[in-house]
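As given, the protein sequences belong to chains A and B, one line each in that order. Numbering (my numbering) for the first sequence: 1 to 321. Numbering (my numbering) for the second sequence: 1 to 478.
One thing to keep in mind: the hints can contain errors.
[Unchecked claim] If you anchor each label on the Cβ, the simulated ranges turn out as follows:
no.	chain 1	residue 1	chain 2	residue 2	range
1	B	P123	A	H28	37 to 45 Å
2	A	G314	B	A433	55 to 63 Å
3	A	R263	B	A78	55 to 63 Å
4	A	S21	B	P11	50 to 58 Å
5	B	Q96	A	D94	41 to 49 Å
6	B	E83	A	H28	56 to 64 Å
It should be emphasised that the hints constitute simulated quantities derived from the structure, not laboratory data. Idealized CB from N, CA, C, for every residue including glycine.
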Amino acid sequence: MPTTASAAPAHGLADVTASDSTLRRFLHGLPGVDAVGLEARAASLGTRSIKTTAKAYALDLAISMVDLTTLEGADTPGKVRALGAKAAHPDPTDRTAPTTAAVCVYPDMVPTAKEAVAGSGVKVASVATAFPAGRASLAVKLADVREAVAAGADEVDMVIDRGAFLAGNYMKVYDEITAVREACGTSARLKVIFETGELSTYDNIRRASWLGMLAGADFIKTSTGKVAVNATPANTLLMLEAVRDFRAQTGVQVGVKPAGGIRTAKDAIKFLVLVNETAGEDWLDNHWFRFGASSLLNDLLMQRQKLATGRYSGPDYVTVD
Amino acid sequence: MAPVFEYAPAPESRAVVDIAPSYGLFIDGEFTEAADGKVFKTVSPSTEEVLSEVAEAGEADVDRAVRAARKAFEKWSALPGAERAKYLFRIARIIQERSRELAVLETLDNGKPIRETRDADLPLVAAHFFYYAGWADKLDHAGYGADPRPLGVAGQVIPWNFPLLMLAWKIAPALATGNTVVLKPAETTPLSALFFADICRQAGLPKGVVNIITGDGRAGAALTAHPDVNKVAFTGSTAVGKEIARTVAGTRKKLTLELGGKGANIVFDDAPIDQAVEGIVSGIFFNQGQVCCAGSRLLVQESIHDELLDSLKRRLSTLRLGDPLDKNTDIGAINSAEQLARITALADQGEAEGAERWSPACELPSTGYWFAPTLFTNVTQAHTVARDEIFGPVLSVLTFRTPDEAVAKANNTPYGLSAGIWTEKGSRILAVANKLRAGVIWSNTFNKFDPTSPFGGYKESGFGREGGRHGLEAYLDV
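Chain B extracted, bound-state conformation:
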């Protein structure tokens, strides 16, 4: 009889995080209610439990936050870089000290597995603050001329897939360069940003330098349209990005957009197969595929298609889906009911269009928003699942015969954010990477992030770069 080695549940304790029943807006260093007293609830996607009630910012609140940031800008931008660096270093260290609490909070609010928040998100969040703290007193040497100036007030709108990490990507370079910030976190994941507000107070950050306003798309629209905002930074869907671009057009505001993607993960026949399978898995099932740079299109050389698919299916059968607070969970919950509906609709459409659908045997929890890891084979460029961003754990598998065909198919998309190349041949990596129209190209790995590495897209994936030295440019008058 075959033995059974079932891992017992190993849930991370919720006791490390203390969520208040309600939160206000963080404006000018204080938590305040919305002017019209409106609130909304934030729920845990894995249980549908209401975690807290959060103030919903209206236009008056947005205006108040921008005015606070404007007032703080004068002093903050006048500080020597080394002084600003001190605050950033302090924030980074507090994030490290509170990382377990923040990881649990993020998992509760977002639904992603604790192993991702603990091992990927939080270390990267701290690393971004450390990295940009290092730049704060060296801006003269960043390659943007002597004494580059900050822009002023930055209005930043971030998505729900990496709530705290996207906050770090936006706030760290903005503060390092001397800007002040009004940030709106996503409607479904506001809590870690509010905890971050508390961290700003703990670090003694001057009032008004960072303001957090919670709310839905209307608050975001009011923020990006506010006449006294000098810089708009947005990460999110392409549709909203286009709307923001229209709003900002004709004003003197600087704009960076980091939008959707449909990343191609290209596996050549001489690839390290076992590692490629891991890379495919992390490429599309990391954060339940709710990653703008996900490798959602697998392009496999025809000669190894069957072998690779067998390996991939076997590997998917070992993925563990369930309670995101369990340290052994690989796949957590989908962030919201709306998102689940969107993924479901697109997957159904894939099936209707004739692509072959496959999921490993896996039981979905009865409450919360869940979607089983899904593969589509027999997919062509003409299928919707090969063209539209699904933003969920759904992988479309296509084939190619030659490197030229791989490049042509990889580039044949309105997006251009990421791509992956798997081959043991170094010269092929360079040759193919040069021809791909994508902002980030990984070779023999996928979904790896580092604060020193710029990130951003081509075409409908947006413009501007975050991270690295390049990330400073978006917040400097150059």
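So here's chain A without its partners, still in its complex pose:
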């Protein structure tokens, strides 16, 4: 299995980041994206019919890829503990259900979350870097990251400075990511959130994907879940193409995390089809692919119960949080 990039970007593209202009030239030299074609491809993969054994496999795989998330101003230790318990035992009626990949919380909740999932194998991810706006000084962002990592966060989800990106200041974005990567040290993996809805064009999403990977991201992630347009099949397909191409060029494998708006098992399975047929089966594993979702898990569990029993149970047969 290819390894994740270490703190220092270890790929053959060092020249690209030598200066502002080389970075810009490289990003703008990436192949364009035809929006109509991209969306048509995503839609056609969405018509794959996944049934019986393949569906059972896909449901369990999807559950194991969920980053169970609570990112509210109203989060309390009680809420986070409940989330942790659910991540460790998603289905109280069926202990064969896999655990989720991680719980995802704000930095101040990391200690509580660590305690809640202790011994379960569930990771703790934290949205550091002045999530979700990212409008803070680099010093504040780095402090946010260090606090989360010191508290034991296994993963850090950072937001990029979309303003700098849209202004064409790619080097600033690059420098911030590398700084955060460094602050994560060797203990935490870094997910870089682009907020694709704000980047707006597919060309921008492809450039952001490469920028993030050049700067050492372990994961590239669509969005915060806090804007109107979050993960879509098309933008996830595009990012899967980017990680596939990046590995082909550098040998470094990077994960992908669509987040926000994926609510049903049916949708989740469509995303798995995208992974399977775009990046390939090397990414069909929660080390390389995640779902940033909170309500998705219950639908996956209900579908799982349906497969096991032949009947739909209903929302009272899965836990509310």
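Since the structure of chain A is provided, determine the placement of chain B on it from the hints.
Positioned in the frame of chain A, the structure of chain B alone reads:
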């Protein structure tokens, strides 16, 4: 260990379609046996299972069908356009209602994947009837003068690659303009046309307006040669098209021919690569490449040749070949043993001439007619696989260095039906498209069809246009 995500089989149910053990000819609103009682079998290309027995029309039957159409013409052409439109709308709606049944039937009889019949063929079939229904009462405004008149009896011969869609392309404009029709579907795919005959009855279409005669090339030849046919429309091979042109020459019959092609798909170095790869795949592997406008010649700018080929090969490795009724199948069966033999022979010749052959690892089913998706690289204009229409899932890859060279190579073919241009530069799309001698030019897409868009060829790809306002002209006395 790498995980395995194998899609379980997801076959569409055959129970939605009820195929009778035998079918007659549809003449004057009734199913009748052939005068000499001859029949032939139609088989499912994916299993070689015999689906049904179909009457084989002889000259007497063709004559009977033409006479029925002639008799019906008087009343049908006299109907106000809005009345004819009602029938066409009704047919379109019935097609929509029965689309699942027709999609399964077409897949059984033709061998193409259900996802194509379900997602491409049937929606387009209905759309063509809807579109021409809309024209039926507006012919005065079509640009062919006030009150343009129909021609009379149209003799139509269609191929086996899109049996129902080609029927729609032919019958919808003919009826909208007030003509009556005798249509001969291809020998290997007669069933959907016979189901369409049933739809005509269901829609209450007056007797004799649409007649369907099944049979082989002899029935087609008798139909096109019949002295009382006013208009001949043919889609099929160039060789047969030439024969028909000879037959029709010197008569007063109007003729349109939609024949073979060897479409160039031109990929410039600034193309959206991932979408271009998809376009190349749909350009040549849609309907197993059995498409007259297939993008069977890939012209790649030399500077991106290796990169594009890597992407393309990786993509081909994900194509799923097998049971066409499985909803996850991308590549179905070749339509007939004869066609498979032709594809095999041409591919072998490509190899013998020194082109480099490549196919993804893929297991072919043991029964039925199958051909693995195939690429030929190191192909030049001098290779047979770059010149002859293969009509199968075989792509020839050539290179070019400049836009002028791309245009020169694209046009260097006896055919001129379709072409594709892939570039992010809008001005280049227009500049190159203007120089290509092809009836349909797609940019940053391929094999997209719409009833409003005229379709037809240059040179040996035929003449006349189907679809759109232009498609009316072929059925009007203008």
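Unsatisfied constraints (hint numbers, rising) = none
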